[in-house]
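Chemist: The C-terminal position of the sequence shown is numbered 339 in full-length UniProt numbering, with every residue numbered one higher than the one before it.
To be clear, the hints were calculated from the coordinates, so they are not data collected in a lab.
Be careful, since some hints might not be right.
Unchecked claim - Distance windows between CB atoms, simulated:
#	residue 1	residue 2	range
1	S272	G144	42 to 52 Å
2	E138	N32	17 to 27 Å
3	Y20	T246	14 to 24 Å
Just so you know, even glycine gets a beta-carbon here, dropped at the ideal spot from N, CA and C.
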Amino acid sequence: MIPLLKEVGRGKRGARDLTYEESLYAADQILNQKATPAQVGAFFIAERIKMESVEEIEAFVHVCRNAAYREYEHGGIDLAGPYDGRKKSFFATFASAFVLAAAGLPVTLHGMASLPPKWGITLHDLLTEIGIRPSSLEKDTIVGAAKETGVLYVPAEQWCPPLLELRPIREQLGMRTVLNSAEKLIDYGSSPFLVFGVYHNTVFDRLSRLMSKLAYRRALIVQGTEGSEDLHIDRPTRTYVVEDGTASLQVVDPETWGLDTPVPEVAWTPASQIRTAEAVLKGDGELGFFHQVLLNSAYRLHLAEKVDSVEEGLYACKAALDSGGAWNAYEQWRNALLH
Numbered sequence: 001m002i003p004l005l006k007e008v009g010r011g012k013r014g015a016r017d018l019t020y021e022e023s024l025y026a027a028d029q030i031l032n033q034k035a036t037p038a039q040v041g042a043f044f045i046a047e048r049i050k051m052e053s054v055e056e057i058e059a060f061v062h063v064c065r066n067a068a069y070r071e072y073e074h075g076g077i078d079l080a081g082p083y084d085g086r087k088k089s090f091f092a093t094f095a096s097a098f099v100l101a102a103a104g105l106p107v108t109l110h111g112m113a114s115l116p117p118k119w120g121i122t123l124h125d126l127l128t129e130i131g132i133r134p135s136s137l138e139k140d141t142i143v144g145a146a147k148e149t150g151v152l153y154v155p156a157e158q159w160c161p162p163l164l165e166l167r168p169i170r171e172q173l174g175m176r177t178v179l180n181s182a183e184k185l186i187d188y189g190s191s192p193f194l195v196f197g198v199y200h201n202t203v204f205d206r207l208s209r210l211m212s213k214l215a216y217r218r219a220l221i222v223q224g225t226e227g228s229e230d231l232h233i234d235r236p237t238r239t240y241v242v243e244d245g246t247a248s249l250q251v252v253d254p255e256t257w258g259l260d261t262p263v264p265e266v267a268w269t270p271a272s273q274i275r276t277a278e279a280v281l282k283g284d285g286e287l288g289f290f291h292q293v294l295l296n297s298a299y300r301l302h303l304a305e306k307v308d309s310v311e312e313g314l315y316a317c318k319a320a321l322d323s324g325g326a327w328n329a330y331e332q333w334r335n336a337l338l339h
């Protein structure tokens with residue numbers, strides 16, 4: 001590791017990006033606990049200062065994938081949000097998963113207990129709030145619930161053990177690392193479609209090239225709420241659609257479909273997140289949050305080629321909510337993981 005640390009640790013001007021082969025070696029050393037804690041921390045900090053290259057992130061993704069349990073081919077769409085959670089925004093993607101499942105599109109969600117730098121509310125917290133202990137779930141139980149309902153939830157640190165081993169170092173550093181991107185791209189369910197959240201639009205170009213290298217059929221990179229994969233409902237959202245090796249900028253404006261709606265400021269807790277999600281799934285609740293779930297679901301249904309237009313997706317997703325299908329999918333999934 002020392003020669004590689006010298007290359008990435010020469011400062012902002014002197015550091016160079018590693019080749020893909022060098023990056024694979026570094027990822028193997030770090031994820032398989034061959035490097036010392038000091039070397040791991042130094043590498044993460046040096047990469048943070050330099051900024052990770054496409055090849056470096058790709059290498060960490062592949063080593064993570066090799067270390068992870070990925071035998072179950074769920075297909076459908078992977079909703080890849082930030083593992084450091086949220087503090088100020090509604091988890092529209094959670095409710096959206098059951099709308100999509102009710103509309104016939106398998107969904108993969110994944111996450112872990114909160115991490116730096118945000119230390120926000122995570123999907124793990126939402127599951128815990130409804131009585132599920134995600135870190136204690138057996139793989140057979142998780143896969144069984146996915147087959148029954150169309151929603152796969154993966155506790156990432158259990159399905160990719162190196163992530164659990166590296167948690168103490170990440171907590172001590174208190175900043176984002178290359179893993180904050182790589183862990184969201186492990187693709188536990190072999191999904192051809194991906195929705196990936198980013199915080200800054202400056203990473204659009206690099207990540208669009210990465211999505212092409214990872215061979216997703218179609219990927220949507222979203223500059224969403226708090227860096228999440230959720231489209232805004234009160235203003236336009238910048239996105240990149242990546243398909244066949246090319247990326248195109250698309251600004252998604254909810255006003256196009258008459259859905260632009262202000263959303264109230266909420267002091268979010270896991271309990272209030274669940275109450276709001278359940279209200280939406282019952283076809284009730286605050287209109288802004290209902291519209292946000294509807295728009296995100298419709299856009300994802302179109303991305304995954306289940307409908308020919310976003311408008312058609314809106315009709316399909318509204319029907320899934322109005323008929324009770326989305327709520328039934330949620331109840332069925334929750335009960336399957338509770339037993």
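Chemist: Please go over all the hints and tell whether each is borne out by the structure.
Modeler: Structure-based check of all given hints:
A beta carbon spacing of about 30 Å between S272 and G144 contradicts the range 42 to 52 Å that was offered as a hint. Against the hinted window of 17 to 27 Å, the Cβ-Cβ separation of E138 and N32 comes to about 25 Å, which satisfies the hint. At roughly 22 Å, the beta carbons of Y20 and T246 sit within the given window of 14 to 24 Å.
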